[in-house]
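Residue numbers (my numbering), protein chains in the order written: chain A, 3 to 548; chain B, 10 to 333.
Hint data in this document are derived by calculation from the structure and do not stem from the laboratory.
One thing to keep in mind: the hints can contain errors.
In silico negatives: residues of chain A with every beta carbon more than 10 Å from chain B [said to hold, decoys possible]:
hint, residue
1, G122
2, A143
3, P202
4, E411
5, R520
Below, a list of computed lysine to aspartate or glutamate pairs in the EDC-like style, where the Cα atoms sit at most 20 Å apart [to be verified]:
hint, chain 1, residue 1, chain 2, residue 2
6, A, K6, A, E29
7, B, K58, A, D147
8, B, K35, A, D147
9, B, K326, B, D221
10, A, K176, B, D45
11, A, K178, B, D45
12, A, K150, A, D240
13, A, K145, B, D36
This one's a predicted model, so the numbers in the text were calculated from it and none came from an experiment.
Beta carbons: idealized from backbone N, C-alpha and C, even for Gly.
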Amino acid sequence: MALKMRYLELNRKIRDVRMLAIQGIAEAGSGHPGASFSAAEIMGVLYFHKMKHNPSNPLWEERDYFVNSKAHSAPGFYAALATAGYIDTKEIKTLRKLGSRLQGHPVRYSERQKDHSFPGIEYSGGSEGIGLSVSIGIALAKKRDGQKNRVYTLIGDGESNEGQIWEAAMAASKFKLDNLVAILDRNKIQQDGFTEEIMPLDPVRDKWAAFNWNVVEVNGHKIEQIIDALSRVERVEDKPSIIIANTTKGKGIKHMANNPQWHGKAPPKKHVPILLEELQSEILIAPSIIAGEPENYEEKVRRAERAGADLIHLDIMDGKFVPTTSFFADTIKHLRKISSIPFDAHLMIEKPINHVEDYIDAGCDIITVHVEACSEAEFVEINKMILKAGISPGIAINPGTQFPSWIIEHLDNIDIMIIMSVNPGFAGQKFIPDTLDKMAEIVKTLKSNNYKGFIEADGGIDATTLQQVFDAGARIMVAGNAVYGSPDINSNIIQLRHKANVAIETKLLELATINDMRSDWIKSRKNMLIPLAKELSIEEDLHAIK
Amino acid sequence: MQLSDKNVISDMRTAYGKTLVDLGLKDPNIICVGADTTDSLKTKMFGDKFPNRLYNVGIAEANLVSIAAGLAIAGKVVFASTYAAFLPGRCLDQIRNAICYPFLDVKLVVSHAGLTVGPDGASHQQIEDISIMRSLPNMRVLVPSDSVSVRNLIPLLSNTPGPFFMRLARPSNSNIYDDNFGQFDIGKGNVIRDGSDITLISCGLMVSKAIDAALTLEKEYAVSCRVVDMYSIKPIDVELVYHAAVDTGAIVTIEEHSTIGGLGSAVCEVTAENHPVPVNRMGVGDTFGESARETEIESLLSKYGLSSDHIIESVLKTRKRMKK
Chain A
3 MALKMRYLEL NRKIRDVRML AIQGIAEAGS GHPGASFSAA EIMGVLYFHK MKHNPSNPLW
63 EERDYFVNSK AHSAPGFYAA LATAGYIDTK EIKTLRKLGS RLQGHPVRYS ERQKDHSFPG
123 IEYSGGSEGI GLSVSIGIAL AKKRDGQKNR VYTLIGDGES NEGQIWEAAM AASKFKLDNL
183 VAILDRNKIQ QDGFTEEIMP LDPVRDKWAA FNWNVVEVNG HKIEQIIDAL SRVERVEDKP
243 SIIIANTTKG KGIKHMANNP QWHGKAPPKK HVPILLEELQ SEILIAPSII AGEPENYEEK
303 VRRAERAGAD LIHLDIMDGK FVPTTSFFAD TIKHLRKISS IPFDAHLMIE KPINHVEDYI
363 DAGCDIITVH VEACSEAEFV EINKMILKAG ISPGIAINPG TQFPSWIIEH LDNIDIMIIM
423 SVNPGFAGQK FIPDTLDKMA EIVKTLKSNN YKGFIEADGG IDATTLQQVF DAGARIMVAG
483 NAVYGSPDIN SNIIQLRHKA NVAIETKLLE LATINDMRSD WIKSRKNMLI PLAKELSIEE
543 DLHAIK
Chain B
10 MQLSDKNVIS DMRTAYGKTL VDLGLKDPNI ICVGADTTDS LKTKMFGDKF PNRLYNVGIA
70 EANLVSIAAG LAIAGKVVFA STYAAFLPGR CLDQIRNAIC YPFLDVKLVV SHAGLTVGPD
130 GASHQQIEDI SIMRSLPNMR VLVPSDSVSV RNLIPLLSNT PGPFFMRLAR PSNSNIYDDN
190 FGQFDIGKGN VIRDGSDITL ISCGLMVSKA IDAALTLEKE YAVSCRVVDM YSIKPIDVEL
250 VYHAAVDTGA IVTIEEHSTI GGLGSAVCEV TAENHPVPVN RMGVGDTFGE SARETEIESL
310 LSKYGLSSDH IIESVLKTRK RMKK
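From just these sequences and the hints, can you work out the full model?
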């Protein structure tokens, strides 16, 4: 199923949401980072992809409604609204302060509350368990009037202790509200500890099914799974739907993740630069299925997805632009049916302009063409086609190619730049070390021109080279042989993740050291760092803390 | 003042149901929500007339008022009704956060308030609702005294933006006002009878008790009582209370509600800050009520200090407190 998502832009905006939220919380000195982060993908997908809404006309009659019932996720919610354009991102700095429009818990906008809210906030939350019932009211009104608006309601798992949630569960199915979608942020942590200890919610899926809801379960940090679920529930009639989004509280900042202590605590302000760096350091792993044994792509996609790959890298080779031939759009079309994982198509073909539509139709989420294979004019044309399809456009550059300056003009419309670290055409080549300098140089140029997209390293990326390309600026790692070169794909991906962690922690530690808070940083992240102590050479630091 | 000269017996709930139907014919935006008490509250009349404009959410008061809030967010004018025993108490949080805070067009109209609900006993005798509702920012509180008041006030509720709480009584009673009387407004009270020696300020079913007491006081004690029907308790008619204090020098308040936080408290707040005079607050003391059969309702009221005789006694006592 083609999802028609601009995956990389969504990913970036959701990262922006986390960055804004943590800045707001740190500035306020209080707030809920845990819930803001567990729900970041959910709110991001709703505001940046799914919902019909208009930040410049928030009261647009045809808009979809978002009711944030677990309103303590306010910092993340405001950050999402700011990123969507409802308010200036700078206003996040007023969060929770006297006179702010960004109250501790969001307030429905009205003339009376214009100093404490802004247009776009539909619901005053804060007291748990109420929002789903309110959503029922909105959905009932829209349904009886024959209007198409849909209502999306974010509820929490701690919040589900409230009896009213289950009053609402009964009522929504009685009224057959197929225009209502609840999304459960199932992060398994509430204020006092883990939900299953405080008040067990499982078997949560069965509970909602027993209340006669259509239930879908997803990984709540996988953009594509949320999007896929949201479109599937749209086709259900006469029943409300709930998406159980399995999430990690505090996702994005490792020492906050899955830690009840960070339910409602602000990080120290001085940590903010390092936290922002961490959020920008996320590494996406993109296994390339042409590597390893040459057959059974289907199995390769499935196994990589199960092992936690972020993207599937698809090397399209036509035997002309590169000497080998791999597969084409028909193969992708077939693979698309088995998974919603983003397809990162790398077109190593001549005259890509003549073929791009095929790859759009096949259900690719990212399409990258080679700078060597098209003129600027052709690139602009291709770029337009890709953006029109609502997916992510990219450009790739070979080791021997000079970075063409015309690219600078188009950076706003480029979500990914592949900087080849081998000469493309064959699987299993060795990484060319010289390309590191080139990558660093290109990254510098891109940064100075305000490029917001991703850098992808492609060619010979494995456990030995990952950290180097990360340091040079790459955040998406195409891994061919490193994933498929030996049979245990799961372990191979785990090993790459481990190396990614080492790379990230090294970078953060350097930053902490420069900012004169090395031991403070190690202390707050101790549990994450102990397993990496040797690789990070911090055994002495850890000893000093004890 | 056009008072009812005939003894017209009617009940407030039926007036509520009928008025809703009349309003519903004119305004398609009006929606009702009920909680398994639509027959009792007479919102069923509305549902029978407009089958897809009444939603019954079952015995779930928190859901009742929150769904009402959602309907209001979507632009509807919503009447949410059930028994007074359960609506403000059971779902105060929802009323506060989902209705009052966002100032939504939800009109909470409850019935069976006060002791006169009778045989069901103290669990069902709501005597704290005025106090609770009055303290919520943005909430307005109305207590009509008869079916004419209800018929006049419901359209005002419907046309005035924001939340309202209106409490009705279960028993039928004699109309206070003539059928054609129409002088009602939010934040106003009506002088039912003028007088110069003391003012009786009451609401709901207690208005007729005040009138009875006033007649006896005039005839037998030569005390001239001004009688006020204070159907709007929040906002209260400050001017009317002030003039009562200035003109008559003493006030007795009578309500089928706790003496804590209700009409009496509202009146005292005005006099204390504007023109202090002796005020005696009559109501149910700091206690729960009890069961009584329909035929025993008058005795029940009397047992808890709410008969005409008690009013007379209170008036005489209060007058003694006045500065000579």
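For each hint, the structure was consulted:
no. : hint              : result
1   : G122              : holds (13 Å)
2   : A143              : violated (3 Å)
3   : P202              : holds (22 Å)
4   : E411              : holds (45 Å)
5   : R520              : holds (45 Å)
6   : K6(A) - E29(A)    : violated (37 Å)
7   : K58(B) - D147(A)  : holds (17 Å)
8   : K35(B) - D147(A)  : holds (17 Å)
9   : K326(B) - D221(B) : holds (18 Å)
10  : K176(A) - D45(B)  : holds (14 Å)
11  : K178(A) - D45(B)  : holds (19 Å)
12  : K150(A) - D240(A) : holds (14 Å)
13  : K145(A) - D36(B)  : holds (18 Å)
The structure shown violates the earlier hints numbered 2, 6.
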